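Q: Given the sequences, and given the hints that come with them, work out the whole structure.
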Amino acid sequence: MNEKPTIYLYGTFHSSEKSKRDIRNIFNRYKIDAVLIEGVDDRNQKTFQNEPFLAIFLWIYFKLLTKMGSEFGLAKELANKSNIYIKYMDKSENELVEYFHKPYNNIIVFLIIVGILLIFNNSIILLLSALFVLGILYLFYFALKTWNFREDFFYENIKETIENNPYNSVLILCGKYHTNFIKKKFDCIDLTKSF
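Just so we're aligned, residue 3 is where the sequence shown starts under my numbering, counting upward by one.
Calculated directly from the structure, the hints in this document are not laboratory data. Note that the structure is predicted; figures quoted are calculated from it, not measured. For every residue, glycine included, the Cβ atom is placed at its ideal position computed from N, Cα and C. Worth double-checking, as some hints may not be accurate.
Said to hold, decoys possible - Label-pair ranges, simulated between beta-carbon atoms: (1) LEU146 / ARG23: 24 to 34 Å; (2) GLY117 / PHE15: 30 to 40 Å; (3) HIS16 / GLU162: 20 to 30 Å; (4) LEU120 / LYS185: 41 to 51 Å; (5) ILE126 / ASP189: 46 to 56 Å; (6) PHE15 / ASN150: 14 to 24 Å; (7) LEU67 / ASN108: 17 to 27 Å; (8) LEU67 / ILE127: 22 to 32 Å; (9) ASP189 / LEU119: 48 to 58 Å; (10) ASN150 / ASN123: 31 to 41 Å; (11) GLU165 / ASN30: 25 to 35 Å; (12) LYS161 / LYS65: 29 to 39 Å; (13) PRO168 / VAL116: 50 to 60 Å; (14) GLU19 / PHE64: 11 to 21 Å.
Said to hold, decoys possible - Restricting the straight-line Cα-Cα distance to at most 30 Å, the calculated cross-link-like pairs of lysine-lysine (DSBU-like) are: (15) LYS22 / LYS187; (16) LYS33 / LYS195; (17) LYS186 / LYS69; (18) LYS185 / LYS6; (19) LYS104 / LYS65; (20) LYS78 / LYS93.
A: Printed below as a string of structure tokens:
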């Protein structure tokens, strides 16, 4: 068993300029051997087959994050430049969707979309606004339903990485709402408010 590494934690506000600036500062100021990043590194067709509405909303969400510049993408780029080990902490997208999926999900969303089309068929602006709100609410529902499932897996991934590798320092990057869970489970230095 190795000595315990120093664990740095940074909670981001997804795609914010402050988070990206802070991540650059962290990579410049701290010697990091491994980076554990919230999120998945895969997208697959099966998600669309099981949850077509969720797949569309996720696709739009990730396109927006990519366009705004994801802080996780920046961390991956910086780590690759410095030959730092990177690991995504989440289950695969497919596993998350399988956990979330219920046979009635698609029927309910379809009926809501039909209702929106019937109610707002005279105004394209109201129609698009209602569909946008539906997308946000469905993504929020997905996030809430998979929250504990994801955090349990974060814990297992972090623990496995720390115990089975010779790293002196590990940086954990996650959304700021996951930081309290990680701080309860691990002795870490929270850099979130350091910059």
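Q: State for each hint whether it applies.
A: Hints and how they fare:
no., hint, result
1, LEU146 / ARG23: 24 to 34 Å, "holds, 29 Å"
2, GLY117 / PHE15: 30 to 40 Å, "holds, 33 Å"
3, HIS16 / GLU162: 20 to 30 Å, "holds, 25 Å"
4, LEU120 / LYS185: 41 to 51 Å, "holds, 48 Å"
5, ILE126 / ASP189: 46 to 56 Å, "holds, 54 Å"
6, PHE15 / ASN150: 14 to 24 Å, "holds, 22 Å"
7, LEU67 / ASN108: 17 to 27 Å, "holds, 24 Å"
8, LEU67 / ILE127: 22 to 32 Å, "holds, 25 Å"
9, ASP189 / LEU119: 48 to 58 Å, "holds, 53 Å"
10, ASN150 / ASN123: 31 to 41 Å, "holds, 40 Å"
11, GLU165 / ASN30: 25 to 35 Å, "holds, 28 Å"
12, LYS161 / LYS65: 29 to 39 Å, "holds, 33 Å"
13, PRO168 / VAL116: 50 to 60 Å, "holds, 57 Å"
14, GLU19 / PHE64: 11 to 21 Å, "holds, 19 Å"
15, LYS22 / LYS187, "holds, 26 Å"
16, LYS33 / LYS195, "holds, 19 Å"
17, LYS186 / LYS69, "violated, 34 Å"
18, LYS185 / LYS6, "holds, 15 Å"
19, LYS104 / LYS65, "holds, 25 Å"
20, LYS78 / LYS93, "holds, 18 Å"
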